[in-house]
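Just need the whole structure built from these sequences, with the hints factored in.
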Amino acid sequence: MDPQPGLPRCYRHPETETGIRCVRCDRPVCPQCMISASVGFQCPDCVRGGSGTGHAPDANRPRTLAGGRVAADGRLITKIVIAVNLALFLAVQVVGDRLVDDLGLIGYAFLPSGELAGVADGEWYRLLTSAFLHQEIPHFLFNMLGLWVIGGIVEPELGRSRYTALVLLSGLSGSALAYLLSPANQLSLGASGVVFGLIGAWVVLARRRRHDMRPVVLFVALSLLLTFTRPGISWEAHIGGLVGGALVTYALVHAPRARRNLVQYTACGLVLLLDLGIVLFRSAALA
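Here the numbering used here is used: the first residue of the sequence shown is 1, the next is one more, and so on.
Treat the hints as calculated values from the structure; they're not laboratory data.
Since this is a predicted model, take the numbers as computed values, not measurements.
Quick reminder that beta carbons are idealized off the backbone N, C-alpha and C, glycines included.
Warning: the hint list may mix true and false statements.
[Said to hold, decoys possible] Simulated DEER-style distance windows between Cβ atoms:
(1) Phe110 <-> Arg207: 45 to 51 Å
(2) Arg208 <-> Val149: 16 to 22 Å
(3) Pro138 <-> Leu116: 27 to 33 Å
(4) Gly114 <-> Leu222: 41 to 47 Å
(5) Val95 <-> Val47: 54 to 60 Å
(6) Arg69 <-> Leu270: 23 to 29 Å
(7) Ala184 <-> Val149: 31 to 37 Å
(8) Leu116 <-> Ala72: 44 to 50 Å
(9) Val263 <-> Tyr125: 26 to 32 Å
(10) Val149 <-> Leu270: 25 to 31 Å
Put into structure tokens, the structure is as follows:
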């Protein structure tokens, strides 16, 4: 029988008339082209360009607690951070104390070479380079163990980009507080600020997941006990990293879904501004 007059023709098969239309683009589709959706039918182009449910192409991809993409390797950024620490540690073993003098955190002081150096002298890079620099083997191994274990817990919960922001802001927060409270000529270095930032993140995540908090609280208590009882430890970097990491993570996992990106970016920006404010205040006082 001839097709009924007046019916539209399928956009992919002009010779075929149809009474079915795509629920997304409203183009006519024949039985050969139409694809079942949750409501009605969709055309092949809309299915390829979206999720098949009327949402964006990545709408149905699994997400982390903070809204990041779930990655196959949940420790990729942690591995990169450890690799950076390892590269700098080996460089220190080869080059010697000169590299430590050039990259370690110093407020404002004369180096053994007689040069004036420090963050207050414009060497702001020391705030970050010092957070990935180690000189002694036990210090390096302890921090790398902390990065591997706690980073392996935190990174999969946040996703790569948010975890990267957490690592950088934790290291910067630890350095900023050490710069503010430590003597201007005191040299400090190490990833302890980052590790304590991850510890702060772990506390927030465990609370958010409603896990048993007793092991977490015990671990934090022991970490703080070691911080304040062992000599030669920059407690300022530990506390700064801990607070910075907890604040960033709280904002990441508690941001309302409707405005998640805006709240997360704003919170990270505020922590960054706070750190910069501390640095500017201390620099003005020293210079």
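Consistency of the hints with the structure:
Checking the proposed 45 to 51 Å range against Phe110 and Arg207 shows it holds: the Cβ atoms sit about 46 Å from each other. A C-beta distance of roughly 19 Å is found between Arg208 and Val149, which places it inside the suggested range of 16 to 22 Å. In this structure the supplied range 27 to 33 Å holds for Pro138 paired with Leu116, their Cβ-Cβ distance being about 32 Å. Against the hinted window of 41 to 47 Å, the Cβ-Cβ separation of Gly114 and Leu222 comes to about 42 Å, which satisfies the hint.
One distance hint, 54 to 60 Å for the beta-carbon pair Val95 and Val47, holds here, with the actual separation near 58 Å. The beta-carbon spacing between Arg69 and Leu270, approximately 24 Å, falls within the hinted interval of 23 to 29 Å. Judged by the Cβ atoms, the range 31 to 37 Å given for Ala184 and Val149 holds: they are separated by roughly 34 Å. Hint check: Leu116 to Ala72, Cβ distance near 49 Å, so the stated range 44 to 50 Å holds.
In this structure, Val263 and Tyr125 meet the distance hint of 26 to 32 Å, their C-beta atoms being roughly 30 Å apart. At about 29 Å, the CB distance of Val149 to Leu270 agrees with the hint of 25 to 31 Å.
Violated hints: none; the structure is consistent with every hint.
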